[in-house]
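What follows is each chain in one-letter form.
Protein chains: 2
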Amino acid sequence: MKFLANSVRRILFIYRPIYQSTRAFSFSNSNNNEQTRWNTCNKILISSVIAGCLGYYAFDKQRKYVFAEASKSSDESGTAGKFKEGLPSFSLREISDHTSKDTKVWVTYKEGVYDITDFVDKHPGGDQILIAAGSSVEPFWLLYGVHENKHVYMLLESYRIGNLSKEDVGTLSSDLDDPYSKDPVRHPVLKPTSAKPFNAEIPPPLLVESFITPNELFYVRNHLPVPDIDPNTYELEVELEGRNKRVTFTLDELKKLPKCTITAAIMCAGNRRGDMTKVKPVKGLNWGPGAVGNAVWTGVRLRDVLGKAGVDEDDARYKHVKFEGIDFDVTGNMYGASIPIWKALDKRGDVLLAYEMNGVPIPRDHGFPIRVVVPGVVGARNVKWLGKITVSEKESDSHWQQNDYKGFSPSTDWDTVDFTKSPAIQELPVISAICQPCNGDNVEVVDGHILVRGYAWSGGGQKIVRVDVTVDAGKTWHVAHFDGQDSSEPPQHWAWTLWSIRIPVEKHLESVEIWAKAVDSSYNTQPESFENIWNLRGVLGNAYHRVKVKFSQ
Amino acid sequence: MKFLANSVRRILFIYRPIYQSTRAFSFSNSNNNEQTRWNTCNKILISSVIAGCLGYYAFDKQRKYVFAEASKSSDESGTAGKFKEGLPSFSLREISDHTSKDTKVWVTYKEGVYDITDFVDKHPGGDQILIAAGSSVEPFWLLYGVHENKHVYMLLESYRIGNLSKEDVGTLSSDLDDPYSKDPVRHPVLKPTSAKPFNAEIPPPLLVESFITPNELFYVRNHLPVPDIDPNTYELEVELEGRNKRVTFTLDELKKLPKCTITAAIMCAGNRRGDMTKVKPVKGLNWGPGAVGNAVWTGVRLRDVLGKAGVDEDDARYKHVKFEGIDFDVTGNMYGASIPIWKALDKRGDVLLAYEMNGVPIPRDHGFPIRVVVPGVVGARNVKWLGKITVSEKESDSHWQQNDYKGFSPSTDWDTVDFTKSPAIQELPVISAICQPCNGDNVEVVDGHILVRGYAWSGGGQKIVRVDVTVDAGKTWHVAHFDGQDSSEPPQHWAWTLWSIRIPVEKHLESVEIWAKAVDSSYNTQPESFENIWNLRGVLGNAYHRVKVKFSQ
Chain A
4 MKFLANSVRR
14 ILFIYRPIYQ
24 STRAFSFSNS
34 NNNEQTRWNT
44 CNKILISSVI
54 AGCLGYYAFD
64 KQRKYVFAEA
74 SKSSDESGTA
84 GKFKEGLPSF
94 SLREISDHTS
104 KDTKVWVTYK
114 EGVYDITDFV
124 DKHPGGDQIL
134 IAAGSSVEPF
144 WLLYGVHENK
154 HVYMLLESYR
164 IGNLSKEDVG
174 TLSSDLDDPY
184 SKDPVRHPVL
194 KPTSAKPFNA
204 EIPPPLLVES
214 FITPNELFYV
224 RNHLPVPDID
234 PNTYELEVEL
244 EGRNKRVTFT
254 LDELKKLPKC
264 TITAAIMCAG
274 NRRGDMTKVK
284 PVKGLNWGPG
294 AVGNAVWTGV
304 RLRDVLGKAG
314 VDEDDARYKH
324 VKFEGIDFDV
334 TGNMYGASIP
344 IWKALDKRGD
354 VLLAYEMNGV
364 PIPRDHGFPI
374 RVVVPGVVGA
384 RNVKWLGKIT
394 VSEKESDSHW
404 QQNDYKGFSP
414 STDWDTVDFT
424 KSPAIQELPV
434 ISAICQPCNG
444 DNVEVVDGHI
454 LVRGYAWSGG
464 GQKIVRVDVT
474 VDAGKTWHVA
484 HFDGQDSSEP
494 PQHWAWTLWS
504 IRIPVEKHLE
514 SVEIWAKAVD
524 SSYNTQPESF
534 ENIWNLRGVL
544 GNAYHRVKVK
554 FSQ
Chain B
4 MKFLANSVRR
14 ILFIYRPIYQ
24 STRAFSFSNS
34 NNNEQTRWNT
44 CNKILISSVI
54 AGCLGYYAFD
64 KQRKYVFAEA
74 SKSSDESGTA
84 GKFKEGLPSF
94 SLREISDHTS
104 KDTKVWVTYK
114 EGVYDITDFV
124 DKHPGGDQIL
134 IAAGSSVEPF
144 WLLYGVHENK
154 HVYMLLESYR
164 IGNLSKEDVG
174 TLSSDLDDPY
184 SKDPVRHPVL
194 KPTSAKPFNA
204 EIPPPLLVES
214 FITPNELFYV
224 RNHLPVPDID
234 PNTYELEVEL
244 EGRNKRVTFT
254 LDELKKLPKC
264 TITAAIMCAG
274 NRRGDMTKVK
284 PVKGLNWGPG
294 AVGNAVWTGV
304 RLRDVLGKAG
314 VDEDDARYKH
324 VKFEGIDFDV
334 TGNMYGASIP
344 IWKALDKRGD
354 VLLAYEMNGV
364 PIPRDHGFPI
374 RVVVPGVVGA
384 RNVKWLGKIT
394 VSEKESDSHW
404 QQNDYKGFSP
414 STDWDTVDFT
424 KSPAIQELPV
434 ISAICQPCNG
444 DNVEVVDGHI
454 LVRGYAWSGG
464 GQKIVRVDVT
474 VDAGKTWHVA
484 HFDGQDSSEP
494 PQHWAWTLWS
504 IRIPVEKHLE
514 SVEIWAKAVD
524 SSYNTQPESF
534 ENIWNLRGVL
544 GNAYHRVKVK
554 FSQ
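From first to last, the protein sequence lines are chains A and B.
Everything in the first sequence is counted per the working numbering, starting at 4 for the first residue and increasing by one.
Everything in the second sequence is counted per the working numbering, starting at 4 for the first residue and increasing by one.
Treat the hints with care, since some could be wrong.
If chains are identical, the list can't say which one is meant, so a pair holds when it fits in one copy or spans any two.
[Unchecked claim] Result set (BS3-like, lysine-lysine): computed pairs, CA atoms no more than 30 Å apart in a straight line:
#, residue 1, residue 2
1, 510, 283
2, 283, 478
3, 87, 248
4, 322, 350
5, 185, 553
6, 125, 478
7, 322, 85
8, 350, 248
9, 125, 199
10, 350, 397
11, 391, 350
12, 424, 478
13, 478, 311
14, 397, 322
15, 85, 397
Derived by calculation from the structure, the hints in this document are not laboratory data.
With the hints as constraints, model all of the structure from the sequences given.
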C-alpha cells in the first residue's frame with residue numbers, strides 16, 4: 004500500500020510541471036489550443052491515476068511474475084553448476100592459474116568447473132568475459148542478466164571439465180548480494196527489454212499522449228546497477244587534466260549557481276533497433292520506438308561549472324569533457340563517456356548538470372542527484388549519477404565511448420570491424436516513428452480516414468520542419484499536423500515534435516502499410532530502408548517507420 | 004591582352020592557397036591507395052608539399068616566394084606564349100572549331116596558338132588533353148602543375164602555328180543594350196546551364212581533380228547581370244533597423260580589420276537537379292552534380308564588422324542579418340537574402356565578408372569586390388557583390404528568400420504550394436556524387452576492378468565520416484577512401500571531401516549501376532530515391548547518386 008500511495012503522490016506532482024510546460028508549447032493549427040492543452044493534461048492525469056491505482060496490483064503481479072521466471076529459469080538450467088559424478092575436482096587455487104589462452108581459460112559456476120578457452124572469441128560481449136577468468140562467473144552474471152537463460156546454461160555445461168573441490172564450494176558466492184537488489188521500484192507499464200541492468204520503454208501509443216513524458220514513464224537505459232547516493236554527502240569532482248587541478252562541488256554548491264531550464268528529448272542510439280534486427284540480427288537490446296522521452300530539465304550550466312573550476316574558454320589545449328558515473332561494475336569500472344569541449348562551453352550548447360526532471364528531483368533511475376543533459380546528443384553521453392568531470396585533450400577511453408555507440412557500413416561485420424575507424428556518436432540524425440496505430444493493429448476507419456500519430460526529432464538542435472506520411476508506398480505523401488512543438492529555434496531546438504494526421508484510405512482495401520518520414524531544419528531527411536543502414540551494433544535506426552494495419556470498418 | 008594577363012596572374016596566385024590547403028588534408032586508408040592518391044592529386048601536390056616545407060606561416064615571406072616562383076616560371080618559359088611576328092592571327096571563334104583530330108586540335112597559351120593534333124597520342128596524361136581543345140590550356144596546367152617547366156614550354160612552342168587575335172582578348176561584346184554585355188569572359192570548359200544570366204558547371208571528372216577548385220573552373224550561379232564595380236569607390240553600408248543607424252565601410256577599411264581565411268565548399272540548392280527531373284519535371288536550371296566548388300576564402304569576419312557597426316551580441320531584438328547584392332534586375336530590384344543572426348555572430352559560424360578567393364581578389368563572376376561566405380549554408384545566402392547589410396527583426400523579403408530556395412513535400416504542386424509554410428533553406432543536408440565514371444561511360448576493368456571517384460559534403464559544419472559505394476544494388480557496400488579531407492572538426496568543417504575506391508566487379512557482367520551515399524558526423528545519411536524527395540522547385544537533390552556504366556574489358 005505504501006508503494007501505491009507514493010505512486011499516486013508522484014503522479015500528482017508530475018501533473019503540475021506538465022501543465023506549466025504545455026503553456027509554453029506552440030500548438031500549430033491552434034484554433035482550439037486551450038482545449039487541446041486541457042485534453043492533453045487531462046488524459047495524462049486520468050491515465051496516470053488509473054495507472055497508479057492499478058499500480059500496486061500490477062507491481063505485485065509483476066514481482067510474482069519475475070520471481071516465477073527466475074525459478075523457471077532455474078528449472079530450465081537443469082543440472083547447470085551442480086556436482087557431477089565422475090569428473091575430477093579442482094581447487095580454487097588451481098583454477099586461478101587458468102586465466103589466458105596460453106594457460107587455458109577456466110571459470111566456475113556454482114560447483115561446476117569449465118574450460119571456456121574455445122568460447123572466448125565467440126563471446127558476444129567480447130573480451131569482457133576474461134574478467135571472470137580463473138574464478139566464478141556468478142558476480143558477472145548477476146550484473147549482466149542476459150546470461151540467465153537456459154541456452155546459456157546449456158552452452159556453459161558443454162564446456163564442463165570438472166567439479167569445484169568441496170572445501171571451496173560456497174566461498175566464492177556465499178557473500179554475493181544481487182547488485183541490483185537496491186534498484187528502484189519501477190512503474191509496471193515500463194516494458195523491460197532487459198531486467199538486469201534494467202532497461203525499459205512504454206507502449207508507443209502512451210508515448211505520444213503528452214508532449215512532456217512523465218518521469219515514471221520515461222524510458223530507462225541503465226548499463227549497471229543504480230547507485231544509491233546520499234545527497235547530503237554527494238560531491239562532484241572536476242579535474243583539469245595535466246594541470247594537477249581538482250575542484251569539488253557539493254549538491255548545495257551546485258544549486259547556488261545560476262539555474263537554467265530547457266525542454267529536451269533524450270534518445271537511445273538503439274531506439275527502433277527491433278526494426279533493424281528484421282533485416283539481420285544485431286547485438287543489443289531489442290528496443291521498439293520507445294527508447295526516447297521528452298522532459299523539462301533544470302540545473303546548472305556545465306559551462307558555468309567549468310568556468311568556476313578554472314577552464315578558460317580560449318584555452319585550445321583541451322578538446323573533450325569526460326563524464327564518469329557513480330555506477331560501476333564488479334571490477335570497479337565506472338560508466339564513462341565524453342563530449343567535444345565546444346559543445347560543453349558553447350553558450351548555445353545548453354549542456355546542463357540537471358538536478359530536476361519535470362519539476363522534481365531527478366528520480367534515481369534517471370540519475371539522482373545529478374545527470375548531465377547534453378541536448379541534441381545521443382543518450383549515452385547524458386551520463387547519470389555524475390561523479391566526476393575531467394577536462395581533457397582526449398576522448399573518454401571507456402568501453403561505451405570507444406567500442407560501442409558507433410556507426411558502421413552495412414557490410415562491416417564482427418570479423419572486419421575496427422572501432423577506431425568510426426567516430427563516437429554525438430548528435431543523432433533525424434528520426435520519426437508512428438506510435439498509433441501499432442503494427443498489426445485493427446484500425447477503425449472514420450469517415451473514410453484513419454488517424455495516425457507519432458513523434459519526430461533530430462539531434463544537434465535541429466527543428467522538425469515537416470513530417471510526410473503515406474499509405475500508398477509513396478505515390479501520395481500527406482503532410483502531418485504538429486500537435487506539440489516547442490517554439491525554440493535551431494540550433495537550440497532540443498525537444499521532440501508530436502504529430503498527427505487523418506489520412507484518407509480507399510474503401511476497397513482491407514489493410515495498408517503506413518510509412519512516415521521527417522525532415523529537419525537542415526532539410527536532412529530519413530533514409531528509406533533498414534537494409535542500407537543496417538550496422539552490426541544496431542544503432543542509428545532512423546529508416547522510414549513502416550506499420551501494417553488492418554481495417555475494422 | 005588584359006584578359007590573358009589577368010588570367011595568368013590569377014592562375015599563378017592560385018598556386019599558393021592550393022599548397023596551403025593540401026597541408027591540412029588528412030589522407031586516410033593509405034595502405035592500398037597509393038596509386039589512386041597520386042593519380043588524383045600528384046600534380047598539384049608535388050610542388051605544394053615541397054613549398055609547404057618553407058613555412059607558409061610567414062605570409063610576407065610566402066608572398067615573396069610565390070612572386071619568385073612566378074618570375075622563375077616566366078624566365079623558364081622564355082618566349083612561350085608571347086606574341087610572335089610573322090605568324091597568322093586566329094580569333095577565339097576560329098580556335099573553338101578545332102577540337103578533334105578530324106578538325107585538328109588547337110589550343111591557346113597566353114597569346115600563342117598551337118596545333119597539338121600530332122601530340123595528342125603522345126600526351127602522358129592521355130585523352131585528358133582534349134578537355135582544353137579549342138580553348139586555353141592555362142586552367143588545366145594549374146590542375147596539373149607538372150606542366151610548369153621549361154621542357155613543356157619548349158615542346159609547346161614546337162607546335163606553334165599563330166597568335167591569338169588581339170581584338171578577341173578584350174571585352175567580348177560591344178552591344179551596350181544587352182544588360183549582360185559587361186559580364187566577364189568565361190573559360191569555355193564551363194558548360195552553361197543558362198547563358199543570361201550566366202550559370203555553368205564543369206564536367207564532373209574535372210571537378211574531383213583538385214581539392215581546391217580553381218577560380219576559372221568554379222561553378223557560376225548568377226541570378227542577374229554581373230555588376231562592374233570600381234573598388235576605389237566601393238562602399239558597404241550596414242544598417243541597424245529601427246535604430247536609424249547606418250555605417251559605411253570602404254574596401255580599404257574592411258581590409259584593415261582582422262583577416263581570416265577558411266576553406267569552404269559552396270553549393271547551389273539545385274545541384275543534381277537533373278536527376279530529380281527524371282522523376283517529374285521541375286522549374287529550375289538543369290544542373291548536373293557540378294553546382295558545387297571548394298575554395299579558400301579570405302576576408303573579414305562578419306561578426307567583427309557588425310561589432311564595429313554597433314551590434315550588441317546580447318541584444319535579443321535582432322533575429323536576422325539581411326544581405327543585398329549590387330546586382331539588380333530591370334525593375335531595379337537587388338538580389339537579396341538573409342541568415343539567422345546567431346550564425347552571423349557565432350564565433351564558430353565563420354561567416355566572412357570575403358575579398359579573396361584562392362589567394363586573389365574575388366573574380367567578378369564570384370562577387371568582386373566582396374562576397375558573403377556563409378560556410379555550411381546554401382549558396383543562395385552567400386551573396387555576391389555585397390552592397391548592403393541590414394540587421395533586422397525579420398528575414399529578407401526578397402523573392403529568393405521567400406518564394407524560392409525552400410523545400411516541399413513530393414505531393415505539393417504549384418496549385419497547392421504555400422511558400423509561407425516552409426522555412427528558407429539555410430544549412431544543406433548531406434550529399435555525395437559520383438564524378439568518375441559518368442553515366443553511360445565505357446569503363447576499363449583493371450585487375451577485376453573499376454575506379455570510382457567523387458565528392459561528398461554536408462552543411463552546418465558537419466564532416467563526412469563515411470562514403471559507401473555499391474555496384475550490386477546494396478547487397479555489398481564498399482567503404483571509399485578519402486583522398487582529400489580538411490582536418491577541421493565539426494561544427495566547423497566547411498570543406499568538401501574527395502573520395503575514391505576501386506570496386507571489384509563480376510567478370511560475366513557487361514554493365515553495372517554504381518550507387519554512392521555519404522554519412523556525416525551527425526550520422527545523417529542520404530535518402531535513397533528521388534521519388535520520395537521530389538519537390539516542385541527541384542532543390543535539395545541529395546538522393547543516392549546512381550550511375551550506369553558499361554565495361555570495356
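*State the violated hints by number, sorted upward, taking the hints as numbered earlier in the document.*
3, 5, 7, 13 and 15
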